[in-house]
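Colleague: What follows is the residue order along each chain.
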Amino acid sequence: MTTNSPGLATAGPSLSKQDAPAPAVAAPGRRRRRIRTTVEAYLLIAPSLAGFLLFLVLPIIGVFVLSLFSWDLVSTPEFVGLANYRRLAGDGAAWTAVGNTVYYVALNIPAQTVLALALALALNRKMRGVKVFRVLFVLPWMAMPVALGIIWTWAFDPRHGAVNHLLSLVGIVGPNWLTSTTWAMPVIASVNVWQYTGYTMLFLLAGLQAIPEQIYEAAAVDGVNAVQRFFKITLPLLRPSMFFVLITNVIGSFQLFDTVFVMTQGGPGTSTTTLNYYIYQQAFQLFHAGYAATLAIVLFVMILLVTAGQFLYFRKRTVYDFS
Amino acid sequence: MSSTAVRRTLLYLALLAGALVSVAPYLMTLNASFKTTQGMFSTQAWTPAHPATFSNFSSLWSKYDMSGFMVHTLIVSVAITIGQVVFCSLSAYAFARMEFPGRDLLFWGFVATMMVPQIVTLVPLFFIMSKLELADTYRALILPYVFGTPYGIFLVRQYFRTIPPDLEAAARIDGAGTWTILWRIILPLSRPILATLATVTFVNSWNNLLWPLMITSSERTTVITVGISALQGQFASQFNIVLTAAAVALVPLIAVFLLFQRHIVRSIALTGLK
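Each protein sequence line maps, in turn, to chains A and B. For the first sequence, our numbering assigns the number 1 to the initial residue and increments by one for each residue that follows. For the second sequence, our numbering assigns the number 1 to the initial residue and increments by one for each residue that follows.
In short, the hints are calculated from the structure, not lab data. Hints are supplied without guarantee of correctness; some may be wrong.
[Stated by the list, open to error] Partial list, derived from the structure: chain B residues whose beta carbon lies under 8 Å from chain A:
id, residue
1, V6
2, Q44
3, T47
4, A96
5, A112
6, P117
7, T121
8, L132
9, L134
10, Y138
11, I142
12, Q232
Built from N, CA and C at the ideal position, the CB exists for glycine as well.
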C-alpha cells in the first residue's frame, strides 16, 4: 500500500488543475475523485468493519437466536421457542440477581461520582504537587480486578485484615465482612469505588478546566458566594463531563463480574450474585447457554433503558457536542 | 497562621490521606509477598517484612506455571494492542477526515455498540468460536479484540479532529496522498492519544477475565487472570501465596502505566469530551 499511494496522490491535484478552467469536464473529474475517496475510506475501515460485523454484530443477532434454543455448549442446539422466556418469568433467582445488580449500581455510582467530583475540585487549582496527586489517584484504575479481589479479601479478612485491625484501634469490633449478607455487597462496591474514583476524577477535572475563568470573575463581582457558585455555575457547566462519566460508568457497573467472581462467588447465599455473574453461572457452570442468552438480553435491555433515561435527562438540560 | 494557610494545609492533608488510600494496597501487597506464613499472621499489613523471604515466589513458581501464565498473557495482550493501534488509527482517520457515503451511519453504529454489555456477545461468540474449532486457542483470545473496538475508534477519531485541517490541505497541494498524510502528518502528531490507546488496550487485555475464562480450558492457553483466580480458590487462606501472585500480576501494569502516565492524564483532559 505504501508503494502505490504516491501514484494515487499525484493523480489528485493534477486532475483538479486540469478541471479548473473547463467546467464541462469538472463533474466527471470530481465524481471520480469522490469514488476514489470512498474506495480509500472503505479500505481504511475494512479491518475494523470486518471485526465489527463478525465479532460484534453477528453475536448480537446470535444472542436473540440463541435465546430460542436449548444448548448445553457441546451438543447441537435444540429449538425450544419461547420456553427460555417463560422460564425467566418464573425464575426468582434471576430477579434477585437483577435486584442485586441495581443495588450495586445504586451503591457504587453516587459514591464514586461524588468522591470524584470532590477530588476534581480539590485538584483544580494551581498548587505544588497537583500533577503527582493526579497520577497517584489514577493508579488504582489500571489494577487487575482479579488481583484487587485478592488484596481486598485480605484487607477485609475478619482476623488478619487491616480494616478490622484499624477499627479495633478505635474500639469497634468489625463484622465478618464477606460472609455477611448485609456487608458483602457494600464491600464489593467500595472496592470498585476505590478503583475507579481517580479515573472518573480525570474526566471531571478536564470538564472543570474547560470552564472559562471569566465566568467566575464576573460572578465574584456580583457577590456570588461559594455555595451559589458551585450549584449555579460549576455544576451546570460541568454537565457535559457528568453526562459522559455517568453514561460510561453506569454501563460498566451493570456488568460487575470479576470482583464478585474472586471475592464472594456470588455469596453468601445469593447476596452478591449480580446478573452478569448469574449469566456466567447459567452458561458455564450449569450449561444452560440458551437460557443464559435470554438473561443477557435482560441485562442489555436494562442498560438500554437506563442509558436512554440518562440521555433524555441530560438532553433537556445540556447541549452536548459529540462531533 | 492565616486562614488561607490553614485551609491549604487541611487540603494537603486530605489529599495526602486520599493518595495514601490509593497507593497503600499496592505497597502492602508487595510487602506481604516477602513475608513468611508466620509473619503474615503475626504482624500487621504495614509492618515491614522482616526477615524478608523469597519462599513465596519459589513455592508459587514450583507449583504453578507462573512464567507460562505471564508469557501467554503477554502474547495475547501485545497482539491485541498492536492490532488496536493500527486498525483504530486507520478507521479513525476515515471517520474523522474523509467524506464517504455511509460514514455517519457506520460511525454511530460503532459508537452505539459501546452500550452492549460484553456478556451479550460472549455467549454467541463462544458458539461461533466452537463452530470454527477455535475454542481454547490464542486466536480465539485475540480475534474478537484485535481489529479495533468502538471505544478505541471513538477516542482516536476525536483526537484526529483536533488536528488543524490546514496542515493536510497544505500537504495535499504538495501532492501527498491519504496514506502519506496519515503516516507523515497525522500519526506523528497523535503520539499522546496512540500511547493512551495502547496503554488502555494493554491494561484491559492483561486484566480480561471473563472471555478467557469461557473460551480457554488447557494449561497452554491459561492467562494470568484465570490462573490466579484458580489459585485463589485453592489457597484462599494462605494469603502470602495468593498476594504474591497478585503482586506479580500487577507489576507489569504499574510499569506500563508509569511509563505512559503523562500521556494518559493529558489525553483524557484533551479528548474526553471534545
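Colleague: Now tell me if each hint is right for this structure.
Modeller: Comparing the hints with the structure gives:
1. V6: violated (15 Å)
2. Q44: At about 6 Å, which falls below the 8 Å cut-off, the nearest Cβ of chain A leaves the hint on B/Q44 intact, so it holds.
3. T47: violated (11 Å)
4. A96: Where the cut-off is 8 Å and the nearest Cβ of chain A is about 10 Å from B/A96, the hint is violated.
5. A112: violated (10 Å)
6. P117: For B/P117, the interface hint holds, since the closest Cβ of chain A sits about 5 Å away, which is under 8 Å.
7. T121: holds (4 Å)
8. L132: Hint violated; B/L132 Cβ to chain A Cβ min 10 Å, cut 8 Å.
9. L134: violated (12 Å)
10. Y138: violated (15 Å)
11. I142: This interface hint is violated because 11 Å lies over the 8 Å limit.
12. Q232: holds (6 Å)
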